[in-house]
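Visitor: Put the complex together from the two separate chains, hints included.
Spelled out, the chains give:
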Amino acid sequence: MKIGVVTFPGSLDDADARRAAAVAGAEAVALWHGDEDLHGVDAVVLPGGFSYGDYLRAGAISRFAPVMESIIQRAGEGMPVLGICNGFQVLCESHLLPGALIKNHHRKFVCKDQTLRIENNTTAWTSDYDANHEITIVLKNQDGSFVADEATLDRLEGEGRVVARYLGNPNGSYRDIAGITNERGNVVGLMPHPEHAVETLTGPTTDGLGFFTSVLKAVVAS
Amino acid sequence: MSTDTVSNATSTPDVEQPWAELGLKPDEYQRIRDILGRRPTSCELAMYSVMWSEHCSYKSSKVHLKRFGEIPQETPAGKMLAGIGENAGVIDIGEGYAVTFKVESHNHPSYVEPYQGAATGVGGIVRDIIAMGARPVAVMDPLRFGPLDAPDTKRVLPGIVSGVGGYGNSLGLPNIGGEVVFDPTYLGNPLVNALCVGVMRHEDLHLANATGVGNQMILYGAKTGGDGIGGVSVLASETFAEGGPTKRPAVQVGDPFMEKLLIECTLELFAANVVEGIQDLGGGGLSCATSELASAGDGGMRVSLDKVPLRDASLSPEEILMSESQERMMACVTPENVEAFLKICAKWDVQADVIGEVTDTGRLEIDWHGERVVDVLPETVAHEGPVYNRPYERPSWQDELQADGAEKLPRASSGAELRDTLLQLVASPNLCDKSWVTDQYDRYVLGNSVLAQPEDSGMIRVDETSGLGVAVSTDCNGRFAKLDPYTGAKLALAESFRNVATTGARPVAVTDCLNFGSPEDPAVMWQFTEAIRGLVDGCKELGIPVTGGNVSFYNQTGETAILPTPVVGVLGVIDDVTRRTPIGFTAEMEGHQLYLLGETEEELSGSEWANVVHGHLGGRPPAVDLAAEQQLADILINASRDGLIDAAHDISDGGVAQTLVESALRGGVGARVWAPDGLDPFLFLFAESAGRAVVAVPRTEEVRFTDMCTARRFPHAKIGVITGDTLDVQDQFEVPLTELREAWTATLPSVLN
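Line order of the protein sequences matches chains X and S.
If you're matching positions, the first sequence starts at -5 in the working numbering and goes up one per residue.
If you're matching positions, the second sequence starts at 7 in the working numbering and goes up one per residue.
Watch out, some of these pointers could steer you wrong.
[To be verified] To give an idea of the interface, some chain X residues facing chain S are shown, with a C-beta separation under 7 Å as derived from the structure:
1) Gly4
2) Leu6
3) Asp10
4) Arg101
5) Phe103
6) Leu195
7) Thr196
8) Thr200
[As the list claims (entries may be wrong)] SDA-like mimics (lysine to any residue), calculated; alpha carbons at most 25 Å apart, straight line:
9) S/Lys546 <-> S/Glu470
10) S/Lys724 <-> S/Lys546
11) S/Lys349 <-> X/Val23
12) X/Lys106 <-> S/Glu470
[Stated by the list, open to error] Simulated DEER-style distance windows between Cβ atoms:
13) S/Pro392 <-> X/Tyr49: 38 to 48 Å
14) S/Gly674 <-> X/Lys97: 50 to 60 Å
15) S/Pro19 <-> X/Trp26: 50 to 60 Å
16) S/Gly649 <-> X/Tyr49: 46 to 56 Å
17) X/Asp143 <-> S/Lys160: 35 to 45 Å
18) S/Thr340 <-> X/Trp26: 25 to 35 Å
19) S/Gly564 <-> X/Asp107: 41 to 51 Å
Hints in this document: simulated from the structure, not taken from any laboratory.
Cβ atoms here follow ideal geometry from the backbone N, Cα and C, with glycine treated the same way.
Just chain S, with the same shape it has in the complex (with noise of 0.2 Å):
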């Protein structure tokens, strides 16, 4: 086949292009005509095809995205130094240092192949935060799966467990937290959303253009192959049909050695300050680096293709340009520093390549053996793609839904039945021990983890003279998305939030992950611009901005959508992370205190209770009140500062119950407890109001405690001590820990080994 050429393009006008297979709608092609001027050479409609796919160009979610711009770009902490449209938010975190953070989603391709899909997905956002300037020292995986029983959650569950920790694991990084969930509507459309946390100081900030004419571009990193191709276009674009084909060749093959020694000649080069701009290869590979380079420097560039080092030498450059082949990244340089990159690319044994330079024509142009295939405006195919004002509509079934509460099921009266319907939940598959989906990962590797999983945050030790260090936690319960999507969204920002301060850390910034069905369904777009405005509305009465993120739409098969999923990463600055308050009841505490701090309402509906007693989902969600989540913040954290807590736990799924039963489970030691005046026992185990947490408070601060809580007129009520070796509800039942263990530690295994 020769080579279709602009020269050729401009001659043959009426040339059949294949662009419905490759995603493009009539009036999109029609659109790239117009620009153009004439027909796409096959490479240009390979390039327009990639980067104006959903992924990749937001052209659904552009115009409500825009919000987040709305929410002050100041954090708690202090200015930030690169925001949304950056590979990563860069946020300031004092004594000189910056800390970036972002997550993504990988779910398409994790459901086509589970270990690869999402091992590629964690090596995707570390480039992302390697491309910052910073080290990547942690990563975090937001999970989410259909029910533990089906039998395709064995297929991929075990897959992509094994993938995040196959690829997190070999590049050294610790995996310091996530979620597990699971829920029928993601049997076909499971979520992999992969956070990563870097690390720099604030003058080694890097950000992604091509400026500097004559300066040349390298593309360095793995041999590009013909693997991923059309990744983001084909398959993260599109709703899987039943019965299609599979699109195995579309997902992307990882090799986390190359990452590893990616990373370390990567801040080897910003060390020894060779780097003008630099991009990592990830959805869209070289056409989105290409173009996005170029359209954010202040000249055009040229690239000869044919001078990319090839895994497979039969490539056609419309695939090579279209090859999500993992592990690269592209840097531009001044000539007189090429020598000095290229010498550190081998010593860390790197594949290095001149493949291009910087211009003074303002046009991408694309060379393949001597003749041009490309010759575009680069900001026509990075950033001037369709944009769709979807139509959003909220859908009929909504009210019928809110009108069906879970406050008028049958509950649990006696003694006996209280303990049964805690067993039954302590076991059940979102409520019960995740140790055999995070024993696959490495929490310890750079010897910086101060808190991981199960803790309610992520944290890290980022200097060891100060103890300066950061914590991050991922929060979203999808069925209050779906009963509210505003107040689901609120609720998972909320949630993120109280876990960052519950131990000890100020929360500072948002990252998210808006994980969606199709936006060609008006009731999804609805569900989606509802998340978007509580986020919005979230963040700006919390004072934290968002500071990048992720859409992934089209998660659904046949009708079937998702539980609308906005996965909220917060992160957090403590000063001294010695003074961080973990989750657990241990021997040291015997004769604390507990406390419950915030007020418990009759909230029910969405809850796992009303999920796993009774299969229900239904009613409105718990309400959400910002101004006291703030409150119980500051209290969180005073409290952890002045040595007022030892334990502090969030209460979320599963009620104070669940709160109780992981405290006394992590540090081996039990409680006993009572509901407080007024307030019916079952209401006090099992509701799920949000803005609450249990304290541990050792006597002798006993009275600064509650006098801290008096002053601030915080809801705060004693419930129990820390004793024993049971969990004793006074009154009502008691449980032996080694009992409650077995029945929480029981469910995986027995299903997934």
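Pulled out of the complex, with its shape left as it was, chain X reads as follows (with noise of 0.2 Å):
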């Protein structure tokens, strides 16, 4: 079971999102922008970072890397792809996900441990959660505000696609939304970082685990 994570010129978090995959059990595959090969993997992670310096605007220029090409073509066909942070990002500019992030409401930067509730355990990322699970991972941007027209808000909410709300919104995100997924329930985009709570030596919780370890189930059921 290989868990792919792409880095792009600027991107931060890719070595943790490897340790992470790391820790659940996935042997973790480095893949470069520039490359479209996917050198065989079952999943892949986008990480978080400022991926081209989020010139434009945070993602807009990463979605056009060769290796997305082949990650939105492989995402049709119902590979788990999740996008943490700017990788969320990159998921929404890339139209794998509806909706936009923009500058937290407060326009600062944000770091802090942030409980969120898991709405959707269905997921490829999210199964290994109870329904309502609680859990406290991190949450560290710049551009973490998802809004959407309401219309889009609506169908997210009607369709069960809202994978997690924060508690206590820390970023002006509309009704409260830290994650969501596409109509499979293959690619799933969240702000807040699980890779980063992996480890109680490191992180605030384990909490974040459960990401990884949902998705190695996902992929070997499939």
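Guide: Below is the structure:
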């Protein structure tokens, strides 16, 4: 079972995502933005950071990277893809997920331990959590406020595609949304960082590990 | 305008030159003429002016900094692999790993342009670390501002914090500690010090020199622009004059995305073994890199300045030599490795150009479109600048200041008064919660942050298998240093040393950032020499070397100098980071016994109590006993290793009261405490005697712990127990943690939001 982690120029949490995949028991594979070959991975993580300096808009340039063409195609075929923070922004820019992420409403970068409620535990990345499971993982971003038009928000809610919601909204996200999924449930975007909560020594909890153990099961089951 | 070539300079000796505008003194200009045997070309003048500036040449501090060489260059963990004079000191920490760390100032630019000034301060120190061959693993930022409620603080502080965060976060480096201190003397002179820690394998160590005739000099990274021209000479080496012109064009502009690429690209270049020597371009830009690389090498260097890629094609050769554009590095590469070098740069989309080569002339020769514009001995630029023995004298007001002790001021005595004093102190700017600042820094990235602020020191895991790690703390109490700069510097060292030991790490090395007023003021110069004497004596006594650092003078507006602020960073090594000791009292520690280690004296001068309650600064700082600090450190390190303590917190600003409040609020559980026999409750709570800590001992380990202290004859007293949701000072007062938390957390947001 191989989880690929893409490194864009300016990716920062790529090594952390690889470590989390390894802690969960997967083989972590480093993928390079300029290489469209996915090297036989079973799932992909788009990590946090400031890819291409977040110039223009966060994630706006990364979507055109050669590796993204392959990922978009494979995601359409059902491969699990998790976009964390900047990776979530890339997924929105790539139209694999609806909505957009804009600057935090308080205009400042924020780094804190954040509690979320898992609202959909049927996706490829969240099946190891109980319904309404409350987890505390790391939130750290500048452009973390999730926005979409009312119709899109209603559709996401109606179809159960809100994966996680903030308890105590830290950035002005509409309807406290911290993460969403596509119709099929294989592509998940999440603003907070589960990969920073996989070891008690370095993280606030180990609550983030469930994302990585969930996908192991999803891949085995498929 | 035609180019001022060497031959032109020889034939027109009497041309007026703008040496004064470039910050040179008349005798310095004459010295340049004497060295060259002619007038300098305008390019040469630019280079000398930059390199002979206070910032680059350390001309006022050199004679005093030499004293750091008296300290044995051996650390408790092993030998030093590189010391003062390199981009940063390098220390062997065992298991084949070496660590490099250094703190630098970026004070003046941060006042002029807070965001960019602070951002490029982080960028500069990070490049120093990469230039040694190390991967940067953490940053820390000791910051000092004017009064919290001053209007200019509301301009300067948010900009600086946002700049530190904006740059460091974008680089993917965890910010694991530092300081936020307020004092009126910093109002026109905020201090932005930036520390970076890097890790490498021994064999990866790289030094800054250009050797091997025919080797190619490659400039890589960002293009050169018109920003930061004269940053070190015009900006960092002069006092701000009231009503003077704004100096914004002298502030550099940073691009953290480019720096991140530069880090990854440089580490890949090292791994591919295609670099002979390397230096970052920071203060002094190309003038500094070319002259320092050439003089450290074994030959000379020829550079074609017109090959430097430019952001602004209209830049003159003088401006190119002086530009402090960020995110640039210069490497010396053998001809056969040039292609491989350029290929790695291309992979990371980093521009790289061969701009020169190593020669056998011993001279630094720079051409501009085929015409020679610089022809100098590189060491005359890099190392043979003026050296000043500035006059220094103990100021006349020092005796009066020391006679005015805080011990005579009225103190709270009843329980209700003590309670009020405590709440007033915890809400004061220097003691309140700093998360408004630190929540803007990423402390998690890279996944190896074992401890970060508000812990006593930041701690980074170096090896995931063995658990080997390093801890770093930075400290300085400028109020103590004002009262007695010798003792104040020792106290800064002692506090930083203690903070590292409190987390369970063994202190091994020191870096320092010496922030002072104008060296042209004999009183300031006296403070400076006294602080160095304190650090040298202190380091000798503790057996740890100074591995590098930085001096920042001219932190002065008009006649008002800042508090003397010798910021000391101590690095420690811990064999197994899982044994680290945090500060918080947690639910699992309910019932643990609290011990006060060390002696509490009637020491209130320079304290936060005197500052907050009485607005007073006078008297003598607390006594410092480094032998006792060493003993305390041994106890804390051994107790951590043997599992005898579950929490520990150093006692400094605000005294035991502040220590208990921080530990309780950190872990969410309170304590019932009492003053040990014979100690007045007020002094117990608020005295700031050095060499002390509070530790939480599980009942099962109490005998072993007290036996250890007794065997070492180290003063220890049981002062309470971890319990409940209040801070209960027996027979005096009780405060709910909720009330403490409200007071402690409200201060910064109420002013800054």
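Visitor: Each hint needs a verdict: does it hold in this structure or not?
Guide: Checked hints:
1. Gly4: holds (5 Å)
2. Leu6: holds (3 Å)
3. Asp10: For X/Asp10, the interface hint holds, since the closest Cβ of chain S sits about 4 Å away, which is under 7 Å.
4. Arg101: violated (9 Å)
5. Phe103: Since the shortest Cβ distance to chain S is 5 Å, the answer is holds.
6. Leu195: holds (6 Å)
7. Thr196: Where the cut-off is 7 Å and the nearest Cβ of chain S is about 6 Å from X/Thr196, the hint holds.
8. Thr200: Given a least distance of 13 Å, the restraint on X/Thr200 is violated.
9. S/Lys546 <-> S/Glu470: Violated - the C-alpha atoms of S/Glu470 and S/Lys546 are around 33 Å apart, more than 25 Å.
10. S/Lys724 <-> S/Lys546: violated (33 Å)
11. S/Lys349 <-> X/Val23: holds (23 Å)
12. X/Lys106 <-> S/Glu470: holds (24 Å)
13. S/Pro392 <-> X/Tyr49: 38 to 48 Å: Given range 38 to 48 Å: holds, Cβ gap about 44 Å.
14. S/Gly674 <-> X/Lys97: 50 to 60 Å: 32 Å Cβ-Cβ, so the 50 to 60 Å window is violated.
15. S/Pro19 <-> X/Trp26: 50 to 60 Å: holds (59 Å)
16. S/Gly649 <-> X/Tyr49: 46 to 56 Å: holds (50 Å)
17. X/Asp143 <-> S/Lys160: 35 to 45 Å: holds (37 Å)
18. S/Thr340 <-> X/Trp26: 25 to 35 Å: Holds - the Cβ-Cβ distance for S/Thr340 and X/Trp26, about 28 Å, lies within 25 to 35 Å.
19. S/Gly564 <-> X/Asp107: 41 to 51 Å: holds (45 Å)
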